[in-house]
Amino acid sequence: MALTNLTIAEARDELTKGDISAVDLAEAHIEALDTTRALNCFITETAEQALIHAKASDARRAHGETGLVEGIPIGMKDLFCTEGILTTAASHILDGFTPPYESTVSQNLLAAGAVVLGKTNLDEFAMGSSNETSYYGPVVNPWQRAGDEGTKLVPGGSSGGSASAVAARAVMAATGTDTGGSIRQPASFCGIVGMKPTYGRCSRWGVIAFASSLDQAGPLTRTVRDSAIMLGAMAGYDAKDSTSVDIAVPDYEAAITGDIKGMKIGIPSEYRLDGMPDEIETLWSQGITWLKDAGAEIVDISLPHTKYALPAYYIVAPAEASSNLARYDGVRYGLRVEGDNLQEMYENTRAEGFGKEVQRRIMIGAYVLSAGYYDAYYLQAQKVRTRIAEDFKQAWERVDLVLTPTAPSAAFAAGEKPADPIAMYLNDIFTVPASMAGLPGISVPAGLSDEGLPLGLQLIAKPFDEETLFRGAGVLEEAAGFDAKPGLAVG
Amino acid sequence: MTIDKETVAKIAGLARIKVPEADQAVLAEELSNIMGWIEQLSEVDTDGVTPMTSVVEAVAPKRKDQVTDGGYPDRVIANAPDAVDGFYTVPKVVE
Numbered sequence: 001m002a003l004t005n006l007t008i009a010e011a012r013d014e015l016t017k018g019d020i021s022a023v024d025l026a027e028a029h030i031e032a033l034d035t036t037r038a039l040n041c042f043i044t045e046t047a048e049q050a051l052i053h054a055k056a057s058d059a060r061r062a063h064g065e066t067g068l069v070e071g072i073p074i075g076m077k078d079l080f081c082t083e084g085i086l087t088t089a090a091s092h093i094l095d096g097f098t099p100p101y102e103s104t105v106s107q108n109l110l111a112a113g114a115v116v117l118g119k120t121n122l123d124e125f126a127m128g129s130s131n132e133t134s135y136y137g138p139v140v141n142p143w144q145r146a147g148d149e150g151t152k153l154v155p156g157g158s159s160g161g162s163a164s165a166v167a168a169r170a171v172m173a174a175t176g177t178d179t180g181g182s183i184r185q186p187a188s189f190c191g192i193v194g195m196k197p198t199y200g201r202c203s204r205w206g207v208i209a210f211a212s213s214l215d216q217a218g219p220l221t222r223t224v225r226d227s228a229i230m231l232g233a234m235a236g237y238d239a240k241d242s243t244s245v246d247i248a249v250p251d252y253e254a255a256i257t258g259d260i261k262g263m264k265i266g267i268p269s270e271y272r273l274d275g276m277p278d279e280i281e282t283l284w285s286q287g288i289t290w291l292k293d294a295g296a297e298i299v300d301i302s303l304p305h306t307k308y309a310l311p312a313y314y315i316v317a318p319a320e321a322s323s324n325l326a327r328y329d330g331v332r333y334g335l336r337v338e339g340d341n342l343q344e345m346y347e348n349t350r351a352e353g354f355g356k357e358v359q360r361r362i363m364i365g366a367y368v369l370s371a372g373y374y375d376a377y378y379l380q381a382q383k384v385r386t387r388i389a390e391d392f393k394q395a396w397e398r399v400d401l402v403l404t405p406t407a408p409s410a411a412f413a414a415g416e417k418p419a420d421p422i423a424m425y426l427n428d429i430f431t432v433p434a435s436m437a438g439l440p441g442i443s444v445p446a447g448l449s450d451e452g453l454p455l456g457l458q459l460i461a462k463p464f465d466e467e468t469l470f471r472g473a474g475v476l477e478e479a480a481g482f483d484a485k486p487g488l489a490v491g
Numbered sequence: 492m493t494i495d496k497e498t499v500a501k502i503a504g505l506a507r508i509k510v511p512e513a514d515q516a517v518l519a520e521e522l523s524n525i526m527g528w529i530e531q532l533s534e535v536d537t538d539g540v541t542p543m544t545s546v547v548e549a550v551a552p553k554r555k556d557q558v559t560d561g562g563y564p565d566r567v568i569a570n571a572p573d574a575v576d577g578f579y580t581v582p583k584v585v586e
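Keeping their order, the protein sequence lines are chains Y and R. The first sequence begins at 1 in our numbering and counts up by one. The second sequence begins at 492 in our numbering and counts up by one.
Here chain R stands alone, though its shape is the one from the complex (with noise of 0.2 angstroms):
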């Protein structure tokens, strides 16, 4: 599978990670490269075969559904970037 600058573009998009243009083709090639040594599962036979979402046979725990942390907004906010009265701040979202 090649990745080229365009796809990378989207990826980095989707990433929400900015790529100057510069650095797309380095990128693509790196990501081509990796994509293509990964291409080799393709190899293994998995028909039939039921894909892992848990790696251990447990049955997951239950517990009623209610409020069991929480109260303490200042905690919270402490440690953002550029919190005002009590909220997070973003920039400007609506016109």
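Chain Y extracted, bound-state conformation (with noise of 0.2 angstroms):
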């Protein structure tokens, strides 16, 4: 088998028999790099220093020293700070920006022996659901409609490059980050597995920020024990973050047991949209008979406050955004443009430096977070978001995952959406709430869409209770049998 076509699980147990190093599976990637650059998944490729570093990788492993992901080839989306390493947050006006440090989680994996071939593509400050907004341009899904490639499809976003890099087997895995669906969406759309974990498992010390309250790291994979293995290495308590959690990272890997006789999975009704094509809501159904018949007991539960995450999560998030991107003032670092005063150099630099969804985000959260309207929007928000984590809570007494569809559609066609930003922050409606009350999710591939496009569910547990979670999608990934390939993937 190619190697390209290894899961992490599978390379680790050839590197341990010997019967590939670490060399071998970087060279293969870096030809795969070349082979899908036209997906434009990368801003900024590695590949000599991935050399370097699997290379150091197979020394180590002659030691008999070996990290979780020793030799592993992956992603690091570009919102990670990385030593020396250009790092954009795919935005002008982060340009030429080299952090001198590492981010904990970039360097987490480093640590346990990741080979990092590059820094992913990503919608602009992570802001997107498409991938249409980065500086360094859009990227390009692997997947095509069938009978219909021509048409280029968006990966979803924000981490697209990372998505549409991981089912294109250019790397094994990639790091992503979620605000409010940004592994979760893209891994439905690209036929993968995305997680975002609890709120505190990751760290978020040199990960650029959007909005602290809601950002986290989490893995893509192509499968739920790859996904596992990758949050193994990335999770656990900093120092450097007080919103990280000092609790023991468990054994994720483990939890995959393949049982879930007596689980109790929740079915929210409210997840169940006018208007949500037939597609979403079979595949649904066939989620929900397959736990069912791997032993789980359904149960129908509500969460009366669903339709209110997303519009709260456009207060919330915009507001933590205003604050976090006012430190590009042209002043510290990436560009600069002048201005006849100080207050022209800002405005000329942040005009420039931004893209228009960012520059209307930061506007929005400077309005609702100004005098006169803060009681109104921003209290308000921060309310409703109590309500929604207490749906869950409450939730939680009767039931052990939930399962929804994690997007309402498929990949769709770029610049296929309406103008209006409204239509696109629509993508998010099944994601978002679990970002509002910092649960852990996970988007499996669950089956293909009428035009042969792929389609997730999503599973969501309790705080902290990955290993349920990482228990209930082995389940699903092994009832779903998903071996589809995208068209424009190596090999």
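These are calculated hints, taken from the structure and not from any lab test. Please note that a few of the clues may not be correct.
What the hints assert, rightly or not - A partial selection of chain Y residues facing chain R, derived with a Cβ cut-off under 10 angstroms:
| no. | residue |
| --- | --- |
| 1 | Gly18 |
| 2 | Gly96 |
| 3 | Arg385 |
| 4 | Thr386 |
Glycine included, C-beta positions come from ideal geometry on N, C-alpha and C.
Quick one: dock chain against chain with the hints and give me the complex.
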């Protein structure tokens, strides 16, 4: 089998047996970077450094030292600061920014033996659901509509470069960040597994901030087992992030037992939307049947504030973004556009440096936080957020996991969505509630649409119960038996 | 909630983003649409609800108030677009 088709677990076995080396893996994937370059998955490729790291990995292995992802070629979302390597957040305003430090999550992965092939493309500052807002150009989904190979499809967003690269077999796994669905929705669009851990599970230190109360790093992989392996390497308490939680990181892989007998799965009626495509509805019903057949008990539940999660998110996230992005001022790093005075220099820099969607969100944030509107908008949104979290808390008294679709549609074509920003925001309708409640969620590829495009199902779990999440996801994956491969993948 | 051109100009000023006058009307409409959609939040009964400030039930960790990092100004200013002699620079702000 081509090395690029191996899962992390399979590659680990072959590396352990000595059948292949980390250098073999790195070389095969560096070739894959060439073959898949038209997808525009990467903003910066680091092939040379990857080879050096792969050699070092083989040397460590020869000494009997192996980390969780020893010698595994991965992509790093270009939102993670990487020491000495250009870090852009896909924004013009970070032109030339080369961090003098390494983010905790990327450092954890390096320490666990990962070989980083490059920095993956994303929506600018992780704001988007189609990867069309990147200053470095859109990312292409390796999947194509059946019988329509000419139409380029979006990979979803914001972790679109990561999702596309993993699906196209350019890397075995990649990091993502998820604020309202930015790991799970692109995973669904690209037919891979995308996992957002509980808020606080992974350190946010060194991750370029979008909305600090929501941002969380997580893995994109081709299997549930690989997701568990990657999360094990990424997660952990970090004194440098006061919101990271100091509890032990369990052996996630060991949680994938294949046994969900007696597990209670909640089906929230509020996720059944008017006008939802039949194929999404059908897939969801199929998922329910799969879990039932595996011995789980299906429980109808209600999460009454579901419909308010998205509008509340569009107050909380822009408000936090407007504060976080205040730091881009043309003084300390990145782009600077001169002006006649300080105020003009700021305004010119930020007008040229930020794209349209980022500007829109900063302005909404500034507006809802401004005098006279704070209580009506921001405070109300925070209260609604409490309501959403309470809904889930009540559900956890009756169920272990919640099953929903991941996204309301399959991947759409570039430029196909109407210009109305709200139409784009609706992509995250099923992923945002778990984000607002800080809960872990995973998208598992479960089937193909009528057009031959992948569709994902989402499982949501209690805070810090990623183990049950992986257990359920493993069963879903097994039952779905999803083995379709995108047309633009390697090999 | 309707956001007019004047409000756009005010918000753009607060956000330190230059918005040419020609773009203000379009932006006003876009922001009005978004805020109009968000307006549905007022339907939710939030009497007596505590606003969420932390999504995870955790006690903030404490540490000694001491310097744990720093002492390398060259690395700190290495990315500055216009650093001079170890300092950041800005356009003149005093006459």
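Q: Determine which of the earlier numbered hints do not hold for this structure and return their numbers in increasing order.
A: Of the numbered hints given earlier, the structure breaks just one, which is hint 1.
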